[in-house]
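Peer 1: Sequence:
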Amino acid sequence: MINNVLKGFIYFIVLVLIQVWILNNIHFFRIAIPFLYIYFILKLPAGISRTSLLLLSFLIGIVIDIFSNTPGLHASACTFAGFCRQPLIHLFVGRDVIPDLPPSYRMFGVGGFINYTLAIVILHHTVLYLVESFTLFDPVFLVLRIVGSVLLTTLLICTIEAFNLDTQKSGEK
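Per this note's numbering, the very first residue in the sequence shown carries number 3; after that it's consecutive.
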């Protein structure tokens with residue numbers, strides 16, 4: 003239990019620092035921005051209570067908002083993604099999940115994890131960019147930003163998950 007809390011805290015700090023110091027400065031063609039901090043929400047244990055999940059999702063979103071000077075954008079998108087996470091886990095796993103295990107390639111299978119990640123990232127980015135633009139003035143540019151960022155973020159998360167040896171070991175126990 004203590005080990006999981008410590009890992010979660012380290013994930014939180016490292017992902018926030020990477021997002022704020024590095025990834026917020028990356029804008030591919032003024033369209034795609036990778037939002038790696040969503041990985042924290044994805045990797046919370048499958049059996050976490052809904053209240054804790056929403057609180058932690060809001061917390062990482064508001065911390066990113068504080069450092070990015072975007073009042074409430076990331077907090078609202080993260081809270082929505084956290085709200086939709088449990089039903090998506092049950093949709094993609096299709097059976098009872100082990101509550102202490104975080105979602106991973108081993109738990110879902112490679113295709114299932116990619117679909118789970120893609121679903122959460124699409125929901126997060128759609129809310130984020132709709133709240134940010136607050137208008138449908140240029141829908142083509144809005145869709146390009148959502149699709150570009152979704153693809154970049156999903157690729158980055160799936161690549162990191164492929165090299166996450168800790169998740170691979172925990173599934174073997």
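Treat the hints loosely; a few may be bogus.
Below are the DMTMM-like pairs computed for lysine to aspartate or glutamate, each with C-alpha atoms no more than 25 Å apart in a straight line [stated by the list, open to error]:
{"id": "1", "residue 1": "45", "residue 2": "67"}
{"id": "2", "residue 1": "45", "residue 2": "140"}
{"id": "3", "residue 1": "9", "residue 2": "140"}
{"id": "4", "residue 1": "9", "residue 2": "134"}
{"id": "5", "residue 1": "45", "residue 2": "102"}
{"id": "6", "residue 1": "9", "residue 2": "102"}
{"id": "7", "residue 1": "9", "residue 2": "67"}
{"id": "8", "residue 1": "45", "residue 2": "98"}
Quick list of the computed label-pair ranges, beta carbon to beta carbon [stated by the list, open to error]:
{"id": "9", "residue 1": "24", "residue 2": "49", "range": "29 to 37 Å"}
{"id": "10", "residue 1": "89", "residue 2": "61", "range": "36 to 44 Å"}
{"id": "11", "residue 1": "32", "residue 2": "165", "range": "28 to 36 Å"}
{"id": "12", "residue 1": "153", "residue 2": "23", "range": "19 to 27 Å"}
{"id": "13", "residue 1": "141", "residue 2": "29", "range": "18 to 26 Å"}
{"id": "14", "residue 1": "138", "residue 2": "98", "range": "24 to 32 Å"}
{"id": "15", "residue 1": "28", "residue 2": "145", "range": "36 to 44 Å"}
{"id": "16", "residue 1": "71", "residue 2": "112", "range": "13 to 21 Å"}
{"id": "17", "residue 1": "165", "residue 2": "14", "range": "25 to 33 Å"}
By construction, these hints were calculated from the structure, which means they are not laboratory data.
Note that the structure is a prediction, hence the values are computed from the model and not measured.
No residue lacks a Cβ here, since even glycine has one placed at the ideal position from N, Cα and C.
Peer 1: Give a verdict on every hint.
Peer 2: Checked hints:
Restraint check: the Cα-Cα separation between residue 45 and residue 67 comes to about 21 Å, which is no more than 25 Å; the hinted pair holds. A C-alpha spacing of about 34 Å is found between residue 45 and residue 140, which places the hinted pair above 25 Å, so the restraint is violated. Using a Cα cut-off of 25 Å, the hinted pair residue 9 and residue 140 is violated, with the two alpha carbons roughly 41 Å apart. A C-alpha spacing of about 31 Å is found between residue 9 and residue 134, which places the hinted pair above 25 Å, so the restraint is violated.
With a CA separation close to 11 Å, the supplied pair residue 45 and residue 102 stays within the 25 Å bound. Restraint check for residue 9 and residue 102: the C-alpha separation of about 13 Å stays at or below 25 Å, so the hint holds. A threshold of 25 Å between alpha carbons decides the hint, and for residue 9 with residue 67 the separation of about 23 Å falls inside it, so the pair holds. Our distance criterion of 25 Å between C-alpha atoms is met by residue 45 and residue 98, whose separation comes to about 17 Å.
Here the CB-CB span from residue 24 to residue 49 is close to 32 Å, well matched to the stated 29 to 37 Å. Residue 89 and residue 61 have their C-beta atoms about 21 Å apart, which leaves the hinted 36 to 44 Å range violated. Separated by about 29 Å at the C-beta atoms, residue 32 and residue 165 satisfy the suggested range of 28 to 36 Å. At about 23 Å, the CB distance of residue 153 to residue 23 agrees with the hint of 19 to 27 Å.
At about 20 Å, the beta-carbon gap between residue 141 and residue 29 stays in the expected band of 18 to 26 Å. With their beta carbons about 41 Å apart, residue 138 and residue 98 fall outside the hinted range of 24 to 32 Å. Here the CB-CB span from residue 28 to residue 145 is close to 20 Å, at odds with the stated 36 to 44 Å. The hinted range of 13 to 21 Å is not satisfied by residue 71 and residue 112, whose Cβ atoms lie roughly 37 Å apart.
The beta-carbon spacing between residue 165 and residue 14, approximately 19 Å, falls outside the hinted interval of 25 to 33 Å.
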